Amino acid sequence: MTDITTEKARIGAPSAQPFINGFTEEGESLSPLNAAASKSPLAGEAVKRHSHGGGVGIPDSSRAGRLTSYKLADFKPLTGMEEDWRFTPLKRLRGLHTEVLNGAAPSVSVTAPDSVTVETVGRDDRRIGSAAIPEDRVSANAWENFTEATVITVPAEVQADGEVSVLLTGQGTDASAQHLVIVAEKFSKSVVVLDHQGTAVVSENIEILVEDGAQLTVISLQEWNDDAVHASSQQVKLGRDAKFKHIVVSLGGDLVRVTPSARFTAPGAEVELFGLYFADAGQHLEQRLFVDHAVANCKSNVLYKGALQGRNAHTVWVGDVLIRKEAEGTDTYEANRNLVLTDGARADSVPNLEIETGLIAGAGHASATGRFDDQHLFYLMARGIPEKVARRLVVRGFLNEIIQQIKVPAIEERLTAAVERELAATDN
Amino acid sequence: MSTLEIKDLHVSIDTEQGTKEILKGVSLTIRTGETHAIMGPNGSGKSTLASTIAGHPRYNVTSGTITLDGEDVLAMSVDQRARAGLFLAMQYPVEVPGVSMTNFLRTAKTAIDGEAPKLRTWTKDVKAAMAQLRIDADFTQRNVNEGFSGGEKKRVEILQLELFKPKFAILDETDSGLDVDALKVVSEGVNRAHAEGKMGTLLITHYTRILRYIKPEFVHVFVDGQVVEEGGPELADRLEEEGYDRYATGAGAATIAAASAAAQA
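Order-wise, the sequence lines are chains L and W. Here the first sequence is numbered in my numbering, starting from 1 and rising by one per residue. Here the second sequence is numbered in my numbering, starting from 1 and rising by one per residue.
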């Protein structure tokens, strides 16, 4: 038996010519800088060698190649052309990417069960840097400028009775830096709620360590005032058999950009990443997540849902899931759904799935952005339900899927009421 | 006693090729307690009539009237028509994600009655109606029509018919896609609703099969947007044997309609 394989016949082999101008096999050429990088079929590999502070300036064609560093100087000034900033209106960052972040950070007030330890520590605390490393300039700027950090520790084997509530209240519009560390020690079980309110211009780094066998839920609520600007890097590192559930809810603020990253360090761990956002006229709500399947037999499930209404309401969702060569047996799914309720709003949605091994249990990604479905409306109205009520039923139902994941009744009620207020605001 | 009256109804839709007339002058009067069957080949405009009565935005009424006890139905919005007592059991019930059946049924009942149903009796009524239609109890927790099979969707349409108690029920090919058992269950539901004596029924169907279970007093044959023949139940029997072949479609239909009108005169 002869085995003849030509270059041409191999499905998925890099082709010399792009099929469509402006597109490569990886999809749209995202920026002029990327076009240069994509000329090399090995761009991803080449860039990867420069991770952890290399900073060669080649935009990432693989998420694995993204520059990470604790030093602000390693990140070039932003132009807005970078892949991870191309949707963000830099002018509205109010200096988070250019200024020294020495304004007063949002005040931190923690209500926790007795079994949970809450400390305020300096920059030299050993736990700083244990779970996160900045992945962009704004995060690195906060890392360089924060003066003290709040560390919340759920001790080993403790099942926290009731949730840990962290109220972060903005102190004004001076650009500031914030740092939090959450440690769920071995076999502990807990829920932490981060409640962002008031007016702030803040870059925030949240480090989350979920040790072996621990179960942790972190709920991050952004119910800022209309003038707030918030960039939040929320990074989690998971030990063996650890379980982490993350729910990001962004409703208030002028510009909110949340960038959750989950890194598996040992097999058997699981993450669920949920998000809900509701953008009104002029609001920019951005979420960019990264799930790094670096070890075998871990699971991830991602679902973000958003609603938009009003002129220049803008939402961005980018989901990067990377299954590395070593991550055999990975099971992952990510999805984003957007409901555009009025004219003049814009939802960007980019699911990216990189797979470097075929020996996986499952991998999927999906995205859908649509207008209100007239068929839904007709069906409900044909049963006597007035149009306004029918619209609310559908939007509420759409977002409820995420709210139901919270499982803290007081917060579920609060968010349900908040969604009702959003709907009432424009009479949808 | 109520009357639904359709007079010389002309309906068109906008297509990429321009406006297309689908109903070309339909007149029909239904009273409480009556069951009318509308039969006809595919594409004859049967479903268009059903959707137009319900107020689907796709269909434009170019002339003619629809009245319910003298009230102008065409001037009403979709939800007003439903609250006035018109119910359309849809050919393709729509899935509404995120809205539970429980929530949907109660919201609709409240809208139709103008007040919330008493919780205890309502829950009991829903349970009883579901049991009779052999719908699993867990359906109330599921989202409206989401993941339901074709047969389940049709049963849930009839469930609503029984719970909402409309003055007139329009069943748009409710029988299509049902196996014999499901067809019986669904027909029994319609007959139960009808037996209360407060409802008129417009049964739209391509096949005569459902007429073994639901007995119409009047049969209207639809071809090319017009009623070409009318009669009693015996007309349905004849259609069962002969099919629609004897009605020419297209240009020939008008001639036949004229001939049949002449014969009746």
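Treat the hints with caution; some may be incorrect.
[Claimed, not checked] Think about it this way: if two alpha-carbon atoms lie no more than 27 Å apart in a straight line, the pair counts; the simulated DSS-like pairs of lysine-lysine are:
id	chain 1	residue 1	chain 2	residue 2
1	W	153	W	165
2	W	167	W	124
3	W	7	L	388
4	W	167	W	198
5	W	127	W	198
6	L	388	W	153
7	L	299	L	407
8	W	165	L	388
9	W	167	W	7
10	L	388	W	215
11	W	7	W	165
12	L	325	L	299
In case anyone wonders, no lab produced these hints; they're calculated from the structure. Every value quoted in this text rests on a predicted model; they were computed, and no experiment measured them.
Now the hints, each set against the structure:
no. : hint          : verdict
1   : W:153 / W:165 : holds, 18 Å
2   : W:167 / W:124 : holds, 23 Å
3   : W:7 / L:388   : violated, 32 Å
4   : W:167 / W:198 : holds, 6 Å
5   : W:127 / W:198 : holds, 22 Å
6   : L:388 / W:153 : holds, 25 Å
7   : L:299 / L:407 : holds, 21 Å
8   : W:165 / L:388 : holds, 23 Å
9   : W:167 / W:7   : holds, 19 Å
10  : L:388 / W:215 : violated, 39 Å
11  : W:7 / W:165   : holds, 25 Å
12  : L:325 / L:299 : holds, 15 Å
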